[in-house]
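Novice: Chain by chain, the residues:
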Amino acid sequence: MKIVVLIKQVPDTADERTLDAATGWLNRDAGDNIVDEINERALEVALRVKDGDKSTEVVVLAMGPDEAAKAIRKALSMGADSGIHILDDALAGADATRTAAVLAAALRDTGADVIVAGNESTDGRGGVVPAMVAEHLNLPLVGSLTTLELAPGKVSGERQGESGTLSISAGLPAVVTVTERTAEARFPNFKGILTAKRKPVTTLSLAELEVPATPAHAVIVSHNERPPRVAGTKIVDEGNAGTLLAEYLVENRLV
Amino acid sequence: MENLTEEQQAVVEMVRDFAATALAPHAVQWDEDKYFPMDVLAEAGALGMGGIYVGEEHGGSGLSRTDAVLIFEELAAADPSIAAYISIHNMVAWMVDAFGTDTQRAAWLPGLTAMTELGSYCLTEPGVGSDAGALSTRAVRDGDHYVINGTKQFISGAGSSAWYIVMARTQDTGSHGITAIMVPDGTPGLSFGAEEKKMGWRSQPTRQVVLEDVRVPATNRLGGEGDGFMIAMKGLNGGRVNIGACSLGGGRTAFQKSVAYLKERQAFGGPLIKQQHLLFELADMDTELETARTMLLRAADALENGAPDTVKLCAMAKRVATDAGFHVANQALQLHGGYGYLAEYGLEKIVRDLRVHQILEGSNEIMRLIVGRLAVED
Ligand SMILES: Cc1cc2nc3c(=O)[nH]c(=O)nc-3n(C[C@H](O)[C@H](O)[C@H](O)COP(=O)(O)OP(=O)(O)OC[C@H]3O[C@@H](n4cnc5c(N)ncnc54)[C@H](O)[C@@H]3O)c2cc1C
Numbered sequence: 001m002k003i004v005v006l007i008k009q010v011p012d013t014a015d016e017r018t019l020d021a022a023t024g025w026l027n028r029d030a031g032d033n034i035v036d037e038i039n040e041r042a043l044e045v046a047l048r049v050k051d052g053d054k055s056t057e058v059v060v061l062a063m064g065p066d067e068a069a070k071a072i073r074k075a076l077s078m079g080a081d082s083g084i085h086i087l088d089d090a091l092a093g094a095d096a097t098r099t100a101a102v103l104a105a106a107l108r109d110t111g112a113d114v115i116v117a118g119n120e121s122t123d124g125r126g127g128v129v130p131a132m133v134a135e136h137l138n139l140p141l142v143g144s145l146t147t148l149e150l151a152p153g154k155v156s157g158e159r160q161g162e163s164g165t166l167s168i169s170a171g172l173p174a175v176v177t178v179t180e181r182t183a184e185a186r187f188p189n190f191k192g193i194l195t196a197k198r199k200p201v202t203t204l205s206l207a208e209l210e211v212p213a214t215p216a217h218a219v220i221v222s223h224n225e226r227p228p229r230v231a232g233t234k235i236v237d238e239g240n241a242g243t244l245l246a247e248y249l250v251e252n253r254l255v
Numbered sequence: 001m002e003n004l005t006e007e008q009q010a011v012v013e014m015v016r017d018f019a020a021t022a023l024a025p026h027a028v029q030w031d032e033d034k035y036f037p038m039d040v041l042a043e044a045g046a047l048g049m050g051g052i053y054v055g056e057e058h059g060g061s062g063l064s065r066t067d068a069v070l071i072f073e074e075l076a077a078a079d080p081s082i083a084a085y086i087s088i089h090n091m092v093a094w095m096v097d098a099f100g101t102d103t104q105r106a107a108w109l110p111g112l113t114a115m116t117e118l119g120s121y122c123l124t125e126p127g128v129g130s131d132a133g134a135l136s137t138r139a140v141r142d143g144d145h146y147v148i149n150g151t152k153q154f155i156s157g158a159g160s161s162a163w164y165i166v167m168a169r170t171q172d173t174g175s176h177g178i179t180a181i182m183v184p185d186g187t188p189g190l191s192f193g194a195e196e197k198k199m200g201w202r203s204q205p206t207r208q209v210v211l212e213d214v215r216v217p218a219t220n221r222l223g224g225e226g227d228g229f230m231i232a233m234k235g236l237n238g239g240r241v242n243i244g245a246c247s248l249g250g251g252r253t254a255f256q257k258s259v260a261y262l263k264e265r266q267a268f269g270g271p272l273i274k275q276q277h278l279l280f281e282l283a284d285m286d287t288e289l290e291t292a293r294t295m296l297l298r299a300a301d302a303l304e305n306g307a308p309d310t311v312k313l314c315a316m317a318k319r320v321a322t323d324a325g326f327h328v329a330n331q332a333l334q335l336h337g338g339y340g341y342l343a344e345y346g347l348e349k350i351v352r353d354l355r356v357h358q359i360l361e362g363s364n365e366i367m368r369l370i371v372g373r374l375a376v377e378d
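Protein chains in written order, with UniProt numbering: chain A, 1 to 255; chain B, 1 to 378.
Hints are computed from structural coordinates only; laboratory data are not their basis.
In this text the structure is predicted, and so the values were computed from the model without any measurement.
Glycine residues also receive a C-beta, built at the ideal position from the N, C-alpha and C atoms.
Check the hints yourself; a few may be wrong.
Said to hold, decoys possible - Distance ranges between label pairs, derived from CB positions:
1) B:His277 / A:Thr18: 32 to 40 angstroms
2) B:Glu290 / A:Asp123: 30 to 38 angstroms
3) B:Asp185 / A:Gly164: 51 to 59 angstroms
Said to hold, decoys possible - Anything over 12 angstroms on all C-beta distances counts as not near chain A; from chain B, calculated:
4) Glu212
5) Met230
6) Lys234
7) Phe280
8) Gly346
Unchecked claim - Short, incomplete list of chain B residues facing chain A, as computed with Cβ under 7 angstroms:
9) Glu7
10) Phe18
11) Gly48
12) Thr103
Based on the provided sequences and hints, a complete structural model is requested.
Specialist: As structure tokens, then:
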């Protein structure tokens, strides 16, 4: 089986994440950039298949600046076989639509049996790219799985909903996304770290991909600083706290 | 940090992540419960930490001595006691790799490097510590076997280890009459004393190893007859650098905790960090740690390249780093006031753990003896 895992480099959630005051874009130099944890879990899913069947091929695909090479190397050190890095200055500021079109173009020739991604990134949290990729490739999307099993020709798993648990399955090829409730990712071992450099990484520019040219790109219309924290609302129980609490939650659309 | 390669950065990052999730959250509890986490050691082994500078052929990681310093610093930043045990285990694995025959390496290294089988280093005896060349445990050749009798004292990991590398006397010719023999756990006549109650290193067992007519095949001998003391000392060169790195890691955590605490603790109308005396104290602690790091990396480099002054640099680095680590930790405790003395804050444990680094793997007096003798020899 050939599994392609989509990985994205994001600012470490352990650091303070800030927007550039002038442009409103995310300040990527402020802290460490790491492989998004949710992608590491997606990778873990693929690596477990490989643990069970050594003939499994795991490829990681990342679109991002030079530094994304580091995220690819981390994935290779964990056990992926090869990487694809889509690197092009023209992609700076690409929005979800453009990103999905580019990823799909790169995926088209990989011959992947299954494409695994996180359900949403920890920075943008759009959660739409995998679905768009599936649409571009005309593949089923099996989204937001909390458990899953990949067998030849078939993916099955569970999705936790507000009203219950859905058991879903689809034939392969398919695009699968996982939530942070799937298994925690492994640490790379020393051997993995030392051999990562010898594994192949293909770098692709936009010119090498068949993506329709588009003048469309994301713009920041306006941005604000996060307001300082204010003291919370205190409800004093005078026998009617339950009602007040319920009203508060309804009023603030919290339920 | 100083000119680390990309691989070294990745190694440090992984070990830091591992230590932060697998060791740090449990360190205080393991210490209190005197619990030796062998399952976690096996996890560390799976990541390559059981034979850090053992060749790759039989499961080692093939990393350098400098890498080992970086690794032990990170492990000890989370838990000096577990880090130090891993360092002793690595010393044993390296001795097998460096002095074992191909057959011995193929038989013993896979389990040792995976840390599914732990190793203990048995040199000290109840009557001899610093003067190890005078040890009295005896191995007598009997056909294809050695029969070993004697008692080893203060043996780290004893009772839990699968392999005991025993330095025993085969001839009455002082340090030249000592032979290193691998004794597997379960050999009839091999037994262990009670777990010692100790000031620190409580999450790893220290016991006597008692050998009564222990028969092992002569093929368990590491190196030639009479090579045992040389093998034991060569192992210790690396052991000293690694234990120094463990002191550096523990000291670093104590220092970082102090910086955070002094910024936060309010007294005399502001954070304590505003007291210049305390700021100077931090400056000295940081300087001591960086001095130690510099010495350790230099000694590791000498070891890696077989430099002629290796023994001297390892001894110097061991003394500087273990003194620095303990001093910084003790000072950090002082800076935390009464809270430093409480187990909950994790500081007093670091002080207790690092204290023994000044005593073992050659006490710091013996380090001076080595350096002094080398300085005046013709
Ligand atoms: C927790 C713990 C774990 C240990 N683990 C191991 C282990 O796994 N394997 C192992 O083999 N050993 C182990 N040891 C033993 C350790 O290496 C010895 O305790 C150490 O070498 C000192 O020996 P000693 O205790 O016999 O002290 P002694 O040699 O009796 O020394 C007593 C004091 O005199 C000083 N001294 C001795 N000779 C001189 C001299 N010539 N000049 C100046 N000062 C001198 C010493 O520095 C020390 O301060 C461990 C010890 C402890 C406490």
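Novice: So, for every hint listed, does it hold in this structure?
Specialist: The hints, checked one at a time:
1. B:His277 / A:Thr18: 32 to 40 angstroms: holds, 35 angstroms
2. B:Glu290 / A:Asp123: 30 to 38 angstroms: holds, 35 angstroms
3. B:Asp185 / A:Gly164: 51 to 59 angstroms: holds, 53 angstroms
4. Glu212: holds, 40 angstroms
5. Met230: holds, 29 angstroms
6. Lys234: The assertion about Lys234 (chain B) holds, with a minimum of 23 angstroms to chain A.
7. Phe280: holds, 29 angstroms
8. Gly346: holds, 20 angstroms
9. Glu7: holds, 6 angstroms
10. Phe18: holds, 5 angstroms
11. Gly48: holds, 3 angstroms
12. Thr103: It is violated, given that the least Cβ distance between Thr103 (chain B) and chain A is near 24 angstroms, above 7 angstroms.
The earlier numbered hint that this structure contradicts is number 12, and it is the only one.
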